[in-house]
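If you're matching them up, the sequences are chains A, B and C in order.
Going by this note's numbering, the first sequence opens with residue 1, and the numbers climb by one from there.
Going by this note's numbering, the second sequence opens with residue 1, and the numbers climb by one from there.
Going by this note's numbering, the third sequence opens with residue 1, and the numbers climb by one from there.
Be a bit skeptical, because a hint or two may be false.
What the hints assert, rightly or not - From the structure, some residues in chain A lie toward chain B, with a derived Cβ separation under 7 Å:
id : residue
1  : Val125
2  : Pro140
3  : Ala143
4  : Ala144
5  : Thr145
6  : Leu147
7  : Tyr149
8  : Ala150
The hints are simulated quantities; they were obtained by calculation from the structure and are not laboratory data.
Values in this document were obtained by computation on a predicted structure and should not be read as measured data.
Beta carbons: idealized from backbone N, C-alpha and C, even for Gly.
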Amino acid sequence: MAEKTTKRLAIIASKGTLDMAYPPLILATTAIAMDMEAGIFFTFYGLNIVRKSTMNSLKVPPLANPAMPIPMPNLLGALPGMTAMATMMMKSWMGKAKVASISELIQIAIDGGVKMWVCQMAMEVMGVKKSDIIDGIEDPVGAATFLDYAADSDISLFI
Amino acid sequence: MAEKTTKRLAIIASKGTLDMAYPPLILATTAIAMDMEAGIFFTFYGLNIVRKSTMNSLKVPPLANPAMPIPMPNLLGALPGMTAMATMMMKSWMGKAKVASISELIQIAIDGGVKMWVCQMAMEVMGVKKSDIIDGIEDPVGAATFLDYAADSDISLFI
Amino acid sequence: MAEKTTKRLAIIASKGTLDMAYPPLILATTAIAMDMEAGIFFTFYGLNIVRKSTMNSLKVPPLANPAMPIPMPNLLGALPGMTAMATMMMKSWMGKAKVASISELIQIAIDGGVKMWVCQMAMEVMGVKKSDIIDGIEDPVGAATFLDYAADSDISLFI
């Protein structure tokens with residue numbers, strides 16, 4: 001019997017902030033470029049990455065994030081407008097470093113054959129309908145579908 | 001020599017918020033239902049998931065979480081009572097979607113044979129005693145016990 | 001053909017807070033002590049763990065962290081000085097439990113042969129230069145280098 005030679009990357013994307021939307025998409029598209037297989041299971045807040053109404057307005061939290069390159073006192077971070085500023089700063093850095101935008105990365109992932117699943121349970125919990133999800137994503141599935149895929153993966157990551 | 005056929009899921013649960021208490025328990029109980037093996041190593045804030053005094057009062061942070069389904073300005077999120085409100089909202093969504101509670105999921109995991117470990121070092125750091133931990137959990141172990149288990153796993157996740 | 005027998009742990013360290021700097025270093029040094037191979041890819045805020053100007057001043061966020069052993073109302077957590085207090089508390093707990101400091105753990109990791117990579121893209125995005133990174137770390141690499149290493153790992157974790 002021939003040995004499996006194609007490597008596989010299986011990712012759970014559970015965060016809905018702009019900074020944590022990049023890692024699953026960058027890793028999956030890099031994997032595809034290396035001729036690996038890759039799949040992403042969007043669940044919990046991660047649904048927002050592939051949700052029409054939110055995918056272009058993901059935000060970076062300025063609060064409770066002492067690791068921000070320009071540290072902000074928490075009281076300042078609580079002022080209205082600071083989330084917008086932190087988000088704008090990150091978009092500007094990403095642009096300067098010539099990193100693709102979230103929507104560009106999603107398109108590269110879909111075109112490259114990354115499996116893109118949305119979690120049925122998270123959709124019910126958060127009241128998200130299939131029509132709220134962007135095109136190119138498979139029908140909602142349960143965690144079992146992801147585990148079945150990940151069980152034959154070489155790299156599995158919860159992001 | 002027969003090949004290992006049972007798949008194995010190894011999880012580190014390091015977060016103590018209500019929203020991040022669900023993923024390890026849902027994934028592990030789903031894996032068991034699929035006839036996989038599953039183990040969870042509770043460490044750092046994740047100890048609170050299996051701690052008698054906290055397991056029924058885990059909370060959702062409303063602050064620094066721009067991905068909350070109903071976004072809240074940070075200044076509003078800093079007001080007393082907002083953590084309680086965000087927590088109540090999540091419990092209500094989970095209930096509507098017929099998701100089991102944390103304590104129900106823990107019981108399903110224990111009954112289903114999920115390995116449940118607590119991290120000895122984290123217990124010392126946080127001043128948690130063995131008597132503070134719920135029944136059905138194994139004696140405290142070090143990270144080596146988890147790594148040994150995970151080294152033969154097919155899926156490993158840090159949550 | 002001889003079977004690979006040495007087990008391998010591959011970690012992405014993406015967080016720059018003190019509490020999330022410990023897990024990658026503790027797990028990797030434990031793995032080395034168990035005669036496993038281990039590698040850490042520092043990216044996003046995780047760069048701060050191996051950055052000269054920040055590695056000794058990583059902080060714990062007191063806000064939006066309802067799982068802190070001594071819970072703090074969010075409004076209190078937003079007061080100036082609370083990040084410092086939460087950080088001091090964690091360092092004190094770690095000291096009492098005889099856990100090595102971050103810089104000690106990094107040295108143990110380097111001496112023990114843990115592969116330590118920094119992410120080239122994150123460095124560009126955050127404006128970090130190679131001279132800003134501590135000694136003993138390899139030249140900046142892309143995500144592909146990590147994926148290539150992780151594809152032959154037995155445990156992969158995104159922290």
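- [ ] If any of the earlier hints don't hold here, list their numbers in rising order.
- [x] Hints 2, 5 and 7 contradicted; others consistent.
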